[in-house]
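For the record, the sequence lines run as chains A and B. Each residue of the first sequence is one higher than the last, beginning at 1 in this note's numbering. Each residue of the second sequence is one higher than the last, beginning at 1 in this note's numbering.
Hints may contain errors.
For chains that are exact copies, the list does not tell them apart, and a pair is met inside one copy or across any two.
Stated by the list, open to error - Capping the alpha-carbon separation at 25 Å, the derived lysine to any residue pairs in SDA-like fashion look like this:
#, residue 1, residue 2
1, LYS212, LEU99
2, LYS212, PRO431
3, LYS409, THR192
4, LYS212, ASP270
5, LYS212, LEU97
6, LYS409, GLU164
7, LYS409, VAL378
8, LYS212, GLY311
9, LYS212, PHE269
10, LYS212, LEU442
11, LYS212, ALA312
12, LYS212, ILE54
13, LYS212, LEU423
No lab work stands behind these hints, which were simulated from the structure alone. Quantities reported herein were computed from a predicted structural model and do not represent experimental measurements.
2 protein chains.
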Amino acid sequence: MNAEPVVDHLLQRHDAVLDRLTAFLRLPSVSTDPAYAEGMAATRAFLLDWLAEIGLSDVQLLDGGGHPAVYGAWLGAPGAPTIIVYGHYDVQPPDPLALWRTPPFEPTIQGGRLHARGASDVKGSTTIAIETVAGFLAVHGGCPVNIKLFLEGEEETGSPSLREIVHRYGTLLQADAMISADGGRASPTEPTINVGARGLAKLELIVRSAEKEMHSGRYGGAVRNALHELAAIIASLHDANGAIAVPALMEALPPPSAQDRRDAAALPFDEAAFVADVGGIAAGEPGYSLRERLTLRPAIDVNGMWGGYTGAGSKTVIPDEARAKVTIRLAPGQDPEQAIQALQDHIRSVARPGVRIAFAGIGGGSPASTLAGHHPLVQAATRVLQRVWQRDPVHVRLGATVPITAIFKELLGMDTLMFGLNLPDEDVHAPNEFFHLDSIALGLRSWPLLLQELAIFAPEEFRAKG
Amino acid sequence: MNAEPVVDHLLQRHDAVLDRLTAFLRLPSVSTDPAYAEGMAATRAFLLDWLAEIGLSDVQLLDGGGHPAVYGAWLGAPGAPTIIVYGHYDVQPPDPLALWRTPPFEPTIQGGRLHARGASDVKGSTTIAIETVAGFLAVHGGCPVNIKLFLEGEEETGSPSLREIVHRYGTLLQADAMISADGGRASPTEPTINVGARGLAKLELIVRSAEKEMHSGRYGGAVRNALHELAAIIASLHDANGAIAVPALMEALPPPSAQDRRDAAALPFDEAAFVADVGGIAAGEPGYSLRERLTLRPAIDVNGMWGGYTGAGSKTVIPDEARAKVTIRLAPGQDPEQAIQALQDHIRSVARPGVRIAFAGIGGGSPASTLAGHHPLVQAATRVLQRVWQRDPVHVRLGATVPITAIFKELLGMDTLMFGLNLPDEDVHAPNEFFHLDSIALGLRSWPLLLQELAIFAPEEFRAKG
Numbered sequence: 001m002n003a004e005p006v007v008d009h010l011l012q013r014h015d016a017v018l019d020r021l022t023a024f025l026r027l028p029s030v031s032t033d034p035a036y037a038e039g040m041a042a043t044r045a046f047l048l049d050w051l052a053e054i055g056l057s058d059v060q061l062l063d064g065g066g067h068p069a070v071y072g073a074w075l076g077a078p079g080a081p082t083i084i085v086y087g088h089y090d091v092q093p094p095d096p097l098a099l100w101r102t103p104p105f106e107p108t109i110q111g112g113r114l115h116a117r118g119a120s121d122v123k124g125s126t127t128i129a130i131e132t133v134a135g136f137l138a139v140h141g142g143c144p145v146n147i148k149l150f151l152e153g154e155e156e157t158g159s160p161s162l163r164e165i166v167h168r169y170g171t172l173l174q175a176d177a178m179i180s181a182d183g184g185r186a187s188p189t190e191p192t193i194n195v196g197a198r199g200l201a202k203l204e205l206i207v208r209s210a211e212k213e214m215h216s217g218r219y220g221g222a223v224r225n226a227l228h229e230l231a232a233i234i235a236s237l238h239d240a241n242g243a244i245a246v247p248a249l250m251e252a253l254p255p256p257s258a259q260d261r262r263d264a265a266a267l268p269f270d271e272a273a274f275v276a277d278v279g280g281i282a283a284g285e286p287g288y289s290l291r292e293r294l295t296l297r298p299a300i301d302v303n304g305m306w307g308g309y310t311g312a313g314s315k316t317v318i319p320d321e322a323r324a325k326v327t328i329r330l331a332p333g334q335d336p337e338q339a340i341q342a343l344q345d346h347i348r349s350v351a352r353p354g355v356r357i358a359f360a361g362i363g364g365g366s367p368a369s370t371l372a373g374h375h376p377l378v379q380a381a382t383r384v385l386q387r388v389w390q391r392d393p394v395h396v397r398l399g400a401t402v403p404i405t406a407i408f409k410e411l412l413g414m415d416t417l418m419f420g421l422n423l424p425d426e427d428v429h430a431p432n433e434f435f436h437l438d439s440i441a442l443g444l445r446s447w448p449l450l451l452q453e454l455a456i457f458a459p460e461e462f463r464a465k466g
Numbered sequence: 001m002n003a004e005p006v007v008d009h010l011l012q013r014h015d016a017v018l019d020r021l022t023a024f025l026r027l028p029s030v031s032t033d034p035a036y037a038e039g040m041a042a043t044r045a046f047l048l049d050w051l052a053e054i055g056l057s058d059v060q061l062l063d064g065g066g067h068p069a070v071y072g073a074w075l076g077a078p079g080a081p082t083i084i085v086y087g088h089y090d091v092q093p094p095d096p097l098a099l100w101r102t103p104p105f106e107p108t109i110q111g112g113r114l115h116a117r118g119a120s121d122v123k124g125s126t127t128i129a130i131e132t133v134a135g136f137l138a139v140h141g142g143c144p145v146n147i148k149l150f151l152e153g154e155e156e157t158g159s160p161s162l163r164e165i166v167h168r169y170g171t172l173l174q175a176d177a178m179i180s181a182d183g184g185r186a187s188p189t190e191p192t193i194n195v196g197a198r199g200l201a202k203l204e205l206i207v208r209s210a211e212k213e214m215h216s217g218r219y220g221g222a223v224r225n226a227l228h229e230l231a232a233i234i235a236s237l238h239d240a241n242g243a244i245a246v247p248a249l250m251e252a253l254p255p256p257s258a259q260d261r262r263d264a265a266a267l268p269f270d271e272a273a274f275v276a277d278v279g280g281i282a283a284g285e286p287g288y289s290l291r292e293r294l295t296l297r298p299a300i301d302v303n304g305m306w307g308g309y310t311g312a313g314s315k316t317v318i319p320d321e322a323r324a325k326v327t328i329r330l331a332p333g334q335d336p337e338q339a340i341q342a343l344q345d346h347i348r349s350v351a352r353p354g355v356r357i358a359f360a361g362i363g364g365g366s367p368a369s370t371l372a373g374h375h376p377l378v379q380a381a382t383r384v385l386q387r388v389w390q391r392d393p394v395h396v397r398l399g400a401t402v403p404i405t406a407i408f409k410e411l412l413g414m415d416t417l418m419f420g421l422n423l424p425d426e427d428v429h430a431p432n433e434f435f436h437l438d439s440i441a442l443g444l445r446s447w448p449l450l451l452q453e454l455a456i457f458a459p460e461e462f463r464a465k466g
């Protein structure tokens, strides 16, 4: 089945695709905050209509106890591989709202950029994936491979009910491989293939130094302050270089492979510009390039920290409680549970006598993922990118985490190719997130070719070489 | 003029006094938060009515550009000393609201305690002071001394416009000494005289590590995180004992006097019970008793700290900005501006290269205050307490700060006796603040005697011995 007429058809429909993406972005589908429950439901309804409209069958919600996933299938290619096409419809919270130059849920085009929460992560690429399937069905009345569209609703919260969804709908989700709209490009000027991603583990740390808030005039100088104690603990997690200073975490970590280090060096990467783009300060583990730190080495980050009086003016209290949300980006080979345990052990060991330590929000972690270079998914992607870019793609790893990849590998035995169009400069998870408009056309040219290339392989080849 | 009939009159009116205090407490006079502007205005109207009703003259607001003070006078005792009677009508914010067992602005009596925000700090003692003046005017048609009632509205925010009020109304506020309803008792079982208080200085620290929030998958492990940098700075302020670790601040500090150390040792003080009362952890400067740490030595406390994502669920960001509100309780002899400068210098010196440091909210500081033992205010208070308690009072210093004392000394040359009734266990500035109900009767017995004893001195004696 020839992809070229599908590409032509989709490029002619470019503005209609953009309109559909804009409507998708208007829906405030923030999964982490119950205040957005209505936006989540409206987004699911929007997707159910869309998938039915393009001709998928068995369109339904897959409920695992949290925000359900949206599913639809086209299974009319007997003998051809069955491919799960993955995207997610949830987005990060828009906070801090005050820093957005345009409203986060009113998509706005400025200077070749489509600004909106979720434009880059990952409604843009998800829309390209859905439109690709729609294009094949419209032009050929069918696809080169069997398609199971799976659109998750909890990617941004660490996919807490994904395992339950896979358990409940295991038969429905059987397939030979997955291609994901999440996990984007590493460079705007070089074709790249994602062959892996760091893992993720998280916890919330609660530090208590007393049973109630105290007046700093009455108690100041004579008792522990929960904020001081939290600060001392957080300060102990890194050394002066910004390298992780939790020995048990680093000692259990295998060294990066020589191939991984060669691949990391292959991508042209302007370290200074990468850091300058966010006005940041380069830091981290000595002995590794910045790109290696980002993809082959772990990172501990405090994502939020709070305690005491944070309103207007001043309040002279000694807080009794302080909290921090902490995540670990896991390097290849690191076990999430072991890493979280090492972090907890470290925190308990540095906490001063009498300071009460508690943890919450643990779970939903996933290890790093890796795709072998000779895998059919990598071969197919290589041929697509050679054709579109007229040169060989570079193998890269993601610093970010796509838990779905690890879970589908573990529970269903299938590998994932990340084939998103998003680029590193698009301010994902931050104010003024955007998607480069020209990525839409690039995606509409590449995705149909990928489905065509995947059809060349026999179903069993995807698993044999996994 | 005999105080005894006034005491009898006031004790008969005990329940009416309690009713008036309850009405005072219902008014939400939070000075630090503009959301309470209406409550502040209602409280001023309430006080203006009250002072006029008891027979004071020249009742008015004294406006210094912030929340005005409320003023009223009785000046019918020519030749007698003129005494400013000080109280404040503003209160701390009620946050965290969820921890209150009864609503903060619905006064509730339980087990001999009157619960409400401001009950202890300091509407309870302010009410006793006003009722004392009212009692003399009702019973004798006059007071033993000339009275200028001065009720501040910005005590809880460090008295930012108090200097301007004193500048604008300097003539009106001329007096020989001040007695203050703020600054309470040190013990429920021993009579005590406050002969001093620590000072206060503050700043807000803003730490920036980038120009925008970053995705921890894209940048984690390769850039500075503002929360890590803030934590490192805060952790550097104290050593493992909890003692201040800002050398420039401690080196400029004079050692406590031998008399101060003897006085600190004179009050029976159960250190373990004091700390256990709040479920706290004892800490601080080695070589000093807990009571000395609280009154004769400085303290640095972070009152609030925040940055990044603090909502429900998780958000994998690397924050670009983090903030902390910091106050210093100043020991006798420490200069507020010098102390804040030493703190700023220290913070800049420990901040890592590239980390941007900014400060806000500086100003309104005041040094520690001290009242000599032979001062007429101390002599008068000593005689009152000997009479009420049938034994000699102990000299104590406050760990908390009453900026008014320092400002009135500096600008108007007058000394202050703190004669509040509040006790250390009353959870001031914290949820479930309360006032021991039996302090009302004790106050109504003591305050009239104090006015009578002050009348024994010639006006010039208050200044000669200051």
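Hint by hint, here is what the structure shows:
Only between protomers do LYS212 and LEU99 lie at most 25 Å apart by alpha-carbon distance; the minimum there is 9 Å, versus 35 Å within a single protomer. Taking the shortest Cα distances, LYS212 and PRO431 sit within 25 Å of each other only across copies (8 Å), while inside one copy they are farther apart (36 Å). Proximity of LYS409 and THR192 under a CA criterion of 25 Å is satisfied intra-copy only: 22 Å inside one chain copy versus 73 Å between copies. In this assembly of identical chains, LYS212 and ASP270 lie within 25 Å of each other by CA distance solely across copies; the values are 19 Å between and 50 Å within a copy.
In the homo-oligomer, the alpha carbons of LYS212 and LEU97 lie at most 25 Å apart only across protomers (13 Å), although the nearest pairing inside one protomer, at 32 Å, exceeds that limit. Taking identical chains as interchangeable, the C-alpha atoms of LYS409 and GLU164 lie at most 25 Å apart only when both belong to the same chain, with a minimum of 15 Å there against 71 Å between chains. Only within a single protomer do LYS409 and VAL378 lie at most 25 Å apart by alpha-carbon distance; the minimum there is 16 Å, versus 80 Å between protomers. In this assembly of identical chains, LYS212 and GLY311 lie within 25 Å of each other by CA distance both inside one copy and across copies; the values are 19 Å within and 22 Å between.
In this assembly of identical chains, the alpha carbons of LYS212 and PHE269 lie at most 25 Å apart only when taken from different copies (21 Å versus 51 Å within one copy). For the identical chains of this complex, LYS212 and LEU442 are neighbours neither inside a copy (58 Å) nor across copies (28 Å), given an alpha-carbon limit of 25 Å. In this assembly of identical chains, LYS212 and ALA312 lie within 25 Å of each other by CA distance both inside one copy and across copies; the values are 21 Å within and 23 Å between. Taking the shortest alpha-carbon separations for LYS212 and ILE54, neither the intra-copy value of 59 Å nor the inter-copy value of 39 Å comes in at or below 25 Å.
In the homo-oligomer, the alpha carbons of LYS212 and LEU423 lie at most 25 Å apart only across protomers (17 Å), although the nearest pairing inside one protomer, at 48 Å, exceeds that limit.
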